[in-house]
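Colleague: Put together the whole structure using the sequences plus the hints.
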Amino acid sequence: MKWHTQDIQLFLKERDYIDTVILPLYPVSFADDIQQTVAMTEFINLLSGQLEKQFKGRILMLPGMSYLKTISEEKRLADLIEWEKELISQDFKHIFYITSDSDWKTVEEQLDGGLIWMPSIPLDNMDDQYKLSILEDQVKQLLNVFVKKWQNND
Amino acid sequence: MSKNRVTRRQFLNYTLTGVGGFMAAGMLLPMVRFAVDPVLQKKGESDFIATNQKVADLTTEPTRVDYSFEQQDGWYSSEETGTAWVYKDENDKVVALSPVCKHLGCTVNWNGDKANENHFYCPCHGGLYTKDGTNVPGTPPIAALDVFPTKEVDGFLHLGKAEPR
Ligand code: FES
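Chains as they are written, first to last, in numbering that gives the first Met the number 0: chain X, 0 to 153; chain W, 0 to 164.
The set of hints was computed from the structure by calculation and includes no laboratory data. Note that the coordinates shown come from a computational prediction; the quantities given were computed from them, not determined experimentally. A virtual CB, placed ideally from N, CA and C, is assigned to each residue, including glycine. Among the hints, erroneous ones may be present.
Stated by the list, open to error - Partial list, computed: chain W residues near chain X (C-beta under 7 Å):
| id | residue |
| --- | --- |
| 1 | 62 |
| 2 | 65 |
| 3 | 67 |
| 4 | 80 |
| 5 | 81 |
| 6 | 103 |
| 7 | 105 |
| 8 | 106 |
| 9 | 109 |
| 10 | 122 |
Modeller: Laid out in structure tokens, this is it:
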């Protein structure tokens, strides 16, 4: 389900079936790494769109958390933990974060939810059909991650 | 002379009615267009979308066909993508099924579950469909997969809008 009014109606109605929530993490910087953060944000945005299509009936795809790279890592982690607390209190059985920003990998253990780190692939110069097949590949890989997690807990 | 002059009251009356009229028209016209527009839009031929799939290359094994198209959504257009599961049946007729699960809309996969070969499988809540798209009773989906109208243009597969069976 997307964070769209229509999808949320269905979400509220069929809540029992939608036990998984995904929060994309989008870095924002205006320094030397501005292009990198843009590429990461763009890539994760596209990928989470495809992912939502694959798993529409079981996941809720949140609009994503943007954060400034100038803010300290501790502060960012603290913010994410706030999100996590809220999501846990909403009874989601599975929580995932998806990002291209490797900063998060160093704090992975401090999170209850699973961190899916995908290195960003520069897609801007590709033709659509090719872009699509690359994203499909990535989604296929993630399919196994999700199915395994679901099977272990069911 | 002074008789022909417009009084302040008249002037205000005229202008306010005029402006009010414009505002009413501004609100009403789009509503009328909303109501009438779908009737004016042409349907049919142009709804078919070309894919990269050669019809001659299709077998009896369902293959995944991805396609993309421009979608006009309000005032901005976006690149939308879609998928179909396509195969030839015993009579060599092309069958194209929508991958959207009829339970809550996940994407189903052909042979997606090792325990259920030759079925479409939904990874979300274990929905199952036979090869022709019929839902297997006892699994969550309550209807068969939608079917795309198909046609062949210059050897390539074109897909229409998926319809419920
Ligand atoms: S969405 Fe396919 S079985 Fe629930």
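Colleague: A separate judgement is required for each hint: does it hold in the structure or not?
Modeller: To see whether the hints hold, each was checked on the structure:
no. : hint : in the structure
1   : 62   : violated (13 Å)
2   : 65   : holds (5 Å)
3   : 67   : holds (5 Å)
4   : 80   : holds (6 Å)
5   : 81   : violated (9 Å)
6   : 103  : holds (3 Å)
7   : 105  : holds (4 Å)
8   : 106  : holds (5 Å)
9   : 109  : violated (13 Å)
10  : 122  : holds (5 Å)
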